[in-house]
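Number of protein chains: 2
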Amino acid sequence: MIDKDVHSHHISQQFNAELDTVKTHMLEMGGLVEQQVRDAITALIEGDSQSAETVKVNDNHINSMEVSIDEECTRILARRQPAASDLRLVIAISKAVIDLERIGDEAGKIATQAIQLSESGESPRGYKEIRHIGNHVGFMVRDALDAFARFDVDMALAVAKEDKLVDEEYGTAVRSIITFMMEDPRTISQMMNVIWALRSLERVGDHARNIAEHVIYLVKGRDVRHFGIKEMTAEVNDK
Amino acid sequence: MIDKDVHSHHISQQFNAELDTVKTHMLEMGGLVEQQVRDAITALIEGDSQSAETVKVNDNHINSMEVSIDEECTRILARRQPAASDLRLVIAISKAVIDLERIGDEAGKIATQAIQLSESGESPRGYKEIRHIGNHVGFMVRDALDAFARFDVDMALAVAKEDKLVDEEYGTAVRSIITFMMEDPRTISQMMNVIWALRSLERVGDHARNIAEHVIYLVKGRDVRHFGIKEMTAEVNDK
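Residue numbers (our numbering), protein chains in the order written: chain A, 40 to 278; chain B, 40 to 278.
Please note: incorrect hints may appear among the correct ones.
As the list makes no split between identical chains, a pair holds if one copy fits it or if it spans any two.
To be verified - Taking lysine-lysine and the DSBU-like style, the derived pairs with C-alpha atoms no more than 30 Å apart in a straight line are:
(1) K148 / K95
(2) K269 / K200
(3) K167 / K62
(4) K167 / K259
(5) K95 / K203
(6) K200 / K148
(7) K148 / K203
(8) K148 / K269
(9) K269 / K95
(10) K259 / K62
(11) K167 / K148
(12) K95 / K167
(13) K62 / K148
(14) K269 / K203
Everything labelled a hint here was simulated from the structure, so no lab data went into it.
My request is simple: use the sequences and hints to build the entire structure.
Shown next, in the form of structure tokens:
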């Protein structure tokens with residue numbers, strides 16, 4: 040009987056270590072993805088096509104991290120058959136890596152716009168907006184990952200709230216660029232590059248929000264993906 | 040001993056029924072999502088804001104289908120602890136519903152563009168392209184779902200190949216609209232509505248490809264998401 044207890048204690052220690060490892064890998068992937076977004080924005084603003092190329096090359100590494108973390112999750116499901124909060128952790132990680140990979144894709148798309156702009160000449164408008172919204176969504180990604188690391192639902196809720204602001208900032212920025220396009224149509228294609236980059240940043244905000252929602256699912260056991268902010272707040276505050 | 044066999048046979052029959060049910064629910068969701076895309080395109084082309092509003096309202100139903108199918112998957116993981124191909128089926132379904140939900144979102148975005156166009160007046164360009172690319176990605180979604188229903192990897196591979204064509208058609212369409220914008224900047228905002236709708240359609244193609252990749256994972260046990268078409272073909276043909 041004692042032997043069996045020691046044995047199962049050992050098993051559960053190993054299991055906990057596996058869960059910690061896969062969570063750490065996901066957070067490492069998150070750190071890289073966050074950096075990719077920042078590097079892509081800098082490359083675009085500075086017209087640095089070489090840095091933009093580096094962002095595109097790095098995306099392959101992020102893709103392979105996604106595949107390997109996903110395999111870790113599947114292995115845990117198959118061998119450990121987790122239940123309750125352990126199962127939710129594995130599910131939340133496997134969903135978060137999908138969002139992280141998509142954020143990486145968006146960084147790659149911003150890098151593509153940076154390369155096109157460095158070839159065709161600067162856009163007359165939109166850099167200020169890219170810097171501003173870029174910073175905003177960069178913080179959201181960082182906070183969503185911190186919330187995941189600490190299982191902090193209040194922080195996760197704050198990230199979800201920020202996404203609404205980003206959507207508004209994005210809408211305002213695009214409208215003002217379109218107005219300028221009509222006034223000065225000669226540089227439409229450069230302004231389109233800026234608009235595509237802004238669109239990518241807005242998508243990064245959406246994915247940060249998704250990650251925040253996975254944290255709430257993980258801690259609270261409730262899928263809040265299609266909740267409004269009001270319902271989500273009620274769920275988080277429901278101790 | 041016989042009793043136990045009968046019992047486990049019974050359990051496995053129930054389990055198979057649960058797997059069939061969740062797969063059926065996913066395919067039903069897929070059918071609705073496919074219809075949403077077609078309805079959104081028709082609403083945009085015909086300038087029918089009322090149909091566009093219906094598409095937006097229906098999206099709530101699709102969102103709740105996603106949540107409930109996801110719960111079914113989690114319940115199966117927790118209670119049945121599936122292994123091997125059963126586990127892959129549950130994982131593939133839970134990933135496919137994420138893509139289906141995103142396709143539903145894109146249909147909603149196309150509906151938003153349809154409403155804006157019906158208010159601001161027609162775009163002078165782009166309807167032909169929307170119809171053409173819309174048909175193309177509509178067939179891709181249908182074929183991806185059929186491939187999932189029949190576990191048909193050859194059909195899945197064909198869908199993945201189509202996505203490359205859609206990307207090219209999309210690129211050509213957007214470039215030609217941007218050229219026209221420069222010539223006639225007065226209708227830029229209407230043409231931007233068309234460009235956003237085209238972008239959404241291109242994203243629908245990406246998600247159809249993702250679903251096709253889940254089918255290959257499910258049948259072949261290999262994650263082909265970041266493979267090129269050549270590697271993917273080799274994987275599918277490797278009996």
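First find the shortest C-alpha distance between K167 and K259 inside one copy, then the shortest across copies, and answer within, between, both or neither for a cut-off of 30 Å.
neither (39 Å within a copy, 48 Å between copies)
Quick one: K62 to K148, C-alpha cut-off 30 Å, is that within a copy, between copies, both, or neither?
Classified as within; 27 Å inside a copy, 34 Å across copies.
First find the shortest C-alpha distance between K269 and K203 inside one copy, then the shortest across copies, and answer within, between, both or neither for a cut-off of 30 Å.
within (12 Å within a copy, 41 Å between copies)
Should K167 paired with K62 be assigned to within, between, both, or neither, using CA atoms and 30 Å as the limit?
neither (36 Å within a copy, 48 Å between copies)
At 30 Å max between alpha carbons, let me know whether K200 reaches K148 within a copy, between copies, both or neither.
For K200 and K148, the Cα distance is within 30 Å both inside one copy (25 Å) and across copies (21 Å).
Using 30 Å as the alpha-carbon threshold, which applies to K95 and K203: within, between, both, or neither?
Result: close both inside a copy and across copies, 29 Å intra and 19 Å inter.
Intra- versus inter-copy proximity for K167 and K95 (alpha-carbon distance at most 30 Å)
within (23 Å within a copy, 33 Å between copies)
Evaluate K167 and K148 at a C-alpha cut-off of 30 Å and name the case that applies: within, between, both or neither.
Close inside one copy (19 Å) and across copies (26 Å); limit 30 Å.
Intra/inter-copy verdict for K259 and K62 if alpha-carbon distance must be at most 30 Å
both (18 Å within a copy, 27 Å between copies)
With identical chains treated as interchangeable, where does the CA-CA distance between K269 and K200 reach 30 Å or less: within a copy, between copies, both, or neither?
within (10 Å within a copy, 43 Å between copies)
Alpha-carbon proximity context of K148 and K269, limit 30 Å:
between (33 Å within a copy, 23 Å between copies)
Is the C-alpha distance from K148 to K95 at most 30 Å within one copy, between copies, in both cases, or in neither?
Cα proximity of K148 and K95: in one copy and across copies (8 Å, 28 Å).
Of the hints listed earlier, those the structure fails to meet are numbers 3 and 4, in rising order.
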